[in-house]
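Based on the provided sequences and hints, a complete structural model is requested.
Sequence lines, in order, name chains A and B. Heads up: the first sequence begins at 0 in numbering that gives the first Met the number 0, then just goes up one per residue. Heads up: the second sequence begins at 0 in numbering that gives the first Met the number 0, then just goes up one per residue.
Keep in mind that the hints were calculated from the coordinates and are not lab data. Because the structure is a prediction, the values reported are computed rather than measured. Check before you lean on any hint, since a few could be wrong.
Stated by the list, open to error - To give an idea of the interface, some chain B residues facing chain A are shown, with a C-beta separation under 7 Å as derived from the structure: (1) T13; (2) S122; (3) G127; (4) K161; (5) E162; (6) C223.
Said to hold, decoys possible - Computed cross-link-like contacts, DSSO-like style, restricted to lysine-lysine with a CA-CA straight-line distance of at most 27 Å: (7) B:K224 <-> A:K223; (8) B:K224 <-> A:K293; (9) B:K90 <-> A:K109; (10) A:K309 <-> B:K104; (11) B:K15 <-> A:K285; (12) B:K49 <-> A:K223; (13) A:K15 <-> B:K161; (14) A:K142 <-> B:K90; (15) B:K213 <-> A:K142; (16) B:K106 <-> A:K178; (17) A:K285 <-> B:K224; (18) A:K15 <-> B:K239; (19) A:K278 <-> B:K224; (20) B:K106 <-> A:K109; (21) A:K293 <-> B:K15; (22) B:K243 <-> A:K285; (23) B:K243 <-> A:K309; (24) B:K243 <-> A:K109; (25) A:K189 <-> B:K161; (26) A:K309 <-> B:K239; (27) B:K104 <-> A:K109.
All C-beta atoms, glycine included, are put in the ideal place defined by N, C-alpha and C.
Here is what each chain is made of, one letter per residue.
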Amino acid sequence: MSVLIFLETTDNQIKKSSLEALVYGRTIAGRSGGSVTALVVGNPTNLSEAASHGAATVMQISDSRFSQNDAQAFAEALSEAATQKSASLIVMAKSVFSDSIIPKLSAIWKAGAATNVVSLPESDANFSVKRSIFTGKAFELMKLTSERKIVSIKKNAVEVSLSPAAGEVVAYQPSVSSKAFALRTVSTEKASGEILLSDAEIVVSGGRGLKGPENWGLVTDLAKVLGAATGCSKPVSDLHWRPHHEHVGQTGIKVSPNLYIAIGISGAIQHVAGISSSKVIVAINKDPEAPIFKAATYGIVGDAFDVVPKLTQALRNSL
Amino acid sequence: MNILVCITSVPDTTSKISFSDNDTKFVSAGITYIIGPYDDYALARAVELKEAKGSGNITVFHVGEADSEPVIRKALAIGADDAVRVNSVAKDGYFVADQIAAYAKTKSFDLILMGKESIDFNSGIVHGLVGELLGIPSVSPVMKLDINGNEATMEKEIEGGKETLQASLPLVLGCQEPIAEWKIPSMRGIMSARTKPLQVIEPTSFSSGLEFEKYELPAPRTNCKMISDSQVEELVTLLKSEAKVI
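And the structure:
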């Protein structure tokens, strides 16, 4: 089947999770010799990665209105592009933005959608995929039976690999309805240069064990050495030690980095749910009975105020 | 102002998840059901908006069988005025969206609020589908909501930040913290909830293109390797050469 992949950008770069989506789409198209088309807005500095990861065609939108995150406009553009390319599958990385595009696209393009997908389908005919449910506590296998299908891929569910293709860039001007760009954007606040928590390869999080916001330097120093994003547990954001958008867990941000370091976090089931798809979890806690050690790959029982500075120094010496 | 708040009934966030019947059934024995945490934020904001305005009506909408009525009563105790329950298991997001849209078409709501996603199946598609089915704009995830006359000002989460948007009512919104603080029902609220109207309606037909097959639990993590707090260098070595993540 032919596949359209939406490449999301951040700081004018195609996101790594979007390359994962591209590899996923390319793999499915490859099974039946279908075409692989990627859709991108603007001119990201790493645009050539679309070709090197398997896109035969890259549809490029230059319309400046698309610099807004207007889900309606993107849904209409993707629907039109997929129809033009006779694609029967649209793939994108799971993100705050794709979450808002998918239901609209599903209605407009008349396709069944599965979000949070972590596995390839059985086959084109038996499009049975595994998705993460109960916020990381379980999976469900479900089959998409509609002719047109949409999937969003959970971060880190796909191994990125190169597979050079033509990657011919073609300008694309979607025709959008009056419903697109109908919401008036008053202002946009975006931290630039910061590593996004949901997209980070390494996350360092702190919990109540750090005793107060004045001690957060321990977390940020370690994060800086590792090039990591910083997160926190729910009690910490409830106490306003850290902003809400750093809250990792069942009702906060779900992360799936390669490395998650939990400092002074006891490991309540809600927190563990939000980190369960991390590849490696390191727990540092002074309580040897803390449940976080049951979820962790590596653990250190000790005082964070003693262990973390030593760890930061050891990493600084070796990286 | 008429507000429809759609709520899910989901296992409490501390629940251990397990399955039976060859991993095809969720084991609900011993599970405490709550209003979906994100839906609860939406409900709390609806109550605040109504209080600020001093007029209006809040209808709670739920798709589920009779055993979810305690969760609906709780929403009424928190401050909703009446409730509608569609008498059916919530088969999937498409089914729920169809039920909401079919009901909303017969009324006139200024706002349709719900959580950005349910915490059981995490599909996160219902608000967007309802907007499309009704032909009105939908926005998610909304972290702040103010209404002035017929105009809504919203703060929406975007990756790494937030965006402030304005739009005219009616709107469908998927909500998340910190749009409002969760509300605890008062004794008076609990008493009055018992007599507030709860209408039970039958579902409309639908088609979704999804077929559930089975559940699966994640593989348990292998035993945690413990490292002495005096040998943090060993952890660095393991992360580099064994786990290969740095």
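Exercise for the section: Sort out which numbered hints this structure fails and list those numbers smallest first. Expected result: Hint check: 10, 12 and 24 fail, others pass.
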